[in-house]
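Visitor: Sequence:
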Amino acid sequence: MKVLTSLFILSFAITAAAQSGRVVATDPLAAANESTVRELFDEVNGFIRAKGAEYDAKKVLFSDRLFAQAKLEQRQLAAKYAAIAGARKDLAGDDLYYLGMLHWVAENMDGTAEALRKFIALDVAEPVRQQTARSIVIVVLAKQKKLDEAEALLAEYLKTEPSKLTEKARIEGEIAKAYQAQGKFAKMAPHAEAGYAASKALLKDAASRSRGLDEILDAGMLVYEAYRDSGERQKAEAALDDMRAVAVETTSPSFYYYAVDQKIKFLVETGRKPAALQLYQSALKEAEKDFASKGQQTDVLTRLKKKQKHYALLGEIAPEMPLIDQWFPGKQKTLAELRGKVVLLDFWATWCGPCFDAYPHLIEWQQDLGPHGFEILGVTRYYGNIGGVVAAPLAETEYLKRFRTKEKLNYDIVVGKDQSIQFLYGATALPTAVLIDRKGIIRYIETGTSDARIEQMREMVYKLVAEK
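Quick note: to get my numbering, add 122 to the position in the sequence shown (first position is 1).
Treat the hints as calculated values from the structure; they're not laboratory data. Warning: the hint list may mix true and false statements.
[As the list claims (entries may be wrong)] Below are the DSSO-like pairs computed for lysine-lysine, each with C-alpha atoms no more than 30 Å apart in a straight line:
(1) Lys539 <-> Lys427
(2) Lys585 <-> Lys427
(3) Lys463 <-> Lys528
(4) Lys267 <-> Lys193
(5) Lys523 <-> Lys539
(6) Lys202 <-> Lys240
(7) Lys395 <-> Lys561
(8) Lys387 <-> Lys309
(9) Lys395 <-> Lys431
(10) Lys240 <-> Lys211
(11) Lys411 <-> Lys427
(12) Lys281 <-> Lys387
(13) Lys240 <-> Lys281
(14) Lys265 <-> Lys306
(15) Lys585 <-> Lys268
[To be verified] Pairwise CB distance ranges (calculated):
(16) Ala209 <-> Gly452: 58 to 64 Å
(17) Ala574 <-> Glu391: 17 to 23 Å
(18) Gly393 <-> Lys416: 34 to 40 Å
Don't be surprised by glycine CBs; every beta carbon is placed ideally from N, CA and C.
Kindly generate the complete structure, drawing on both the sequences and the hints.
Guide: See below:
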């Protein structure tokens, strides 16, 4: 998906931005000064592909770390070239378009809007690029929360040809997200619906199908969230049902599971636990009918069955943790004694790589929200070894204390004698997060870590802390 994101610029650039084929001068600055603005943009636009080819030639994996570094270098190069191009006094026509595109890659929103607005205002026969320029300016305005201006330019975009589905999906989605951030769900909904419709239309284009699946998941969730947060339950459920139907149409087991999973959790969250469990059982049966491939059936069933324990726990009073051997540095408490606080059980281990990604966020949440009734408990167990070397519980406890200090974890650590706590909470894969509200009810259980998961957790943590 990151590779697809790196190509996003292309969807907002010219349809066929051929490389110039020019000879690069020895002095990079001199070469940049001699280049047209379009040539500068072409170099920036092809930067990620060139880096990928470079690593491929060296037989080096283009890892997430190298990709992130390449993206940073691309932004820096774009900013440099935008400064060079912007200093020229004879900019006109396409120069303004490509200057705007350089600012866009450099993530300079003001520079992007200024250059592209000038290009849009020109009396030139460039309908494709002018529409692309409009679409980018609309996105910039939405990001800057200038929604009246964004709406006005969107109306102009929609009555002008040609328009691209990729542009419409992005425009509508950005405006929907801007309204969502302001809590204006009634205004959010029509834009979310329009973005979702454009994303679904992308599925009909074979060349866009892979990207379309990524787009449609995000777009569909915006529709669901608009209706969920405005209290329109039926429309929220209808959005998830439609996403499930699209998953069947596109034979995507992961998409299918996601739509079912979201609806089960929504039913629980809105006090309809029996209906949620009934949906779980029916989905197990229907998946076999919805997918002809045995492999796809197995994929869906495996994903759903892994969540069975979590679904059973959601909406229930959190069970007490059995067989606790150590609790430090604070005093051991029962979950019943913690009622009135929002509690996050973070199931982790010192050898768990993904667990490290969450530490900075957990530390921040505990520090910022602790005074407001939020408490994290880092739950682990004895594994009988330290770094592959056999270790007794006492030695392992001392190691855990040193680890907590080294990583600057500012919350209590709970150590179980065995896997009893993990089995009780369905936390056999790490990391697993369990959020318990002030009434002692489990409101959230998820396994794994990613930027999206951390953001999802953050939203739920703040939501529960805000509940009184």
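Visitor: Would the hint linking Lys585 and Lys427 be met if the CA-CA limit is 30 Å?
Guide: holds, 28 Å
Visitor: Is Lys395 within 30 Å of Lys431, Cα to Cα?
Guide: Since the Cα atoms of Lys395 and Lys431 sit roughly 14 Å apart, the hinted pair holds (cutoff 30 Å).
Visitor: Hinted pair, alpha-carbon criterion (30 Å max): Lys267, Lys193. Please report holds or violated.
Guide: holds, 25 Å
Visitor: Under the criterion that the straight-line Cα-Cα distance not exceed 30 Å, is the pair Lys387, Lys309 satisfied?
Guide: holds, 25 Å
Visitor: Does the alpha-carbon distance linking Lys240 and Lys281 stay inside the 30 Å limit?
Guide: holds, 20 Å
Visitor: That 34 to 40 Å hint for Gly393 and Lys416 (C-beta), does it hold up?
Guide: Hint holds: Cβ distance 37 Å, inside 34 to 40 Å.
Visitor: With a cut-off of 30 Å on the C-alpha distance, tell me whether Lys265 and Lys306 pass.
Guide: holds, 15 Å
Visitor: Against the 30 Å threshold, does the CA-CA distance of Lys411 and Lys427 hold or violate the hint?
Guide: holds, 17 Å
Visitor: What's the verdict on Lys240 and Lys211, does the C-alpha distance respect the 30 Å limit or exceed it?
Guide: Distance of about 14 Å is within 30 Å: holds.
Visitor: Quickly compare the C-alpha distance for Lys281 and Lys387 to 30 Å and report which way the hint goes.
Guide: violated, 40 Å
Visitor: Does Lys427 lie within 30 Å of Lys539 when you go C-alpha to C-alpha?
Guide: Given that 30 Å is the threshold and the Cα spacing comes to 27 Å, the pair holds.
Visitor: Ala574 and Glu391, beta-carbon distance inside 17 to 23 Å?
Guide: holds, 19 Å
Checked against the numbered hints given earlier, this structure breaks only hint 12.
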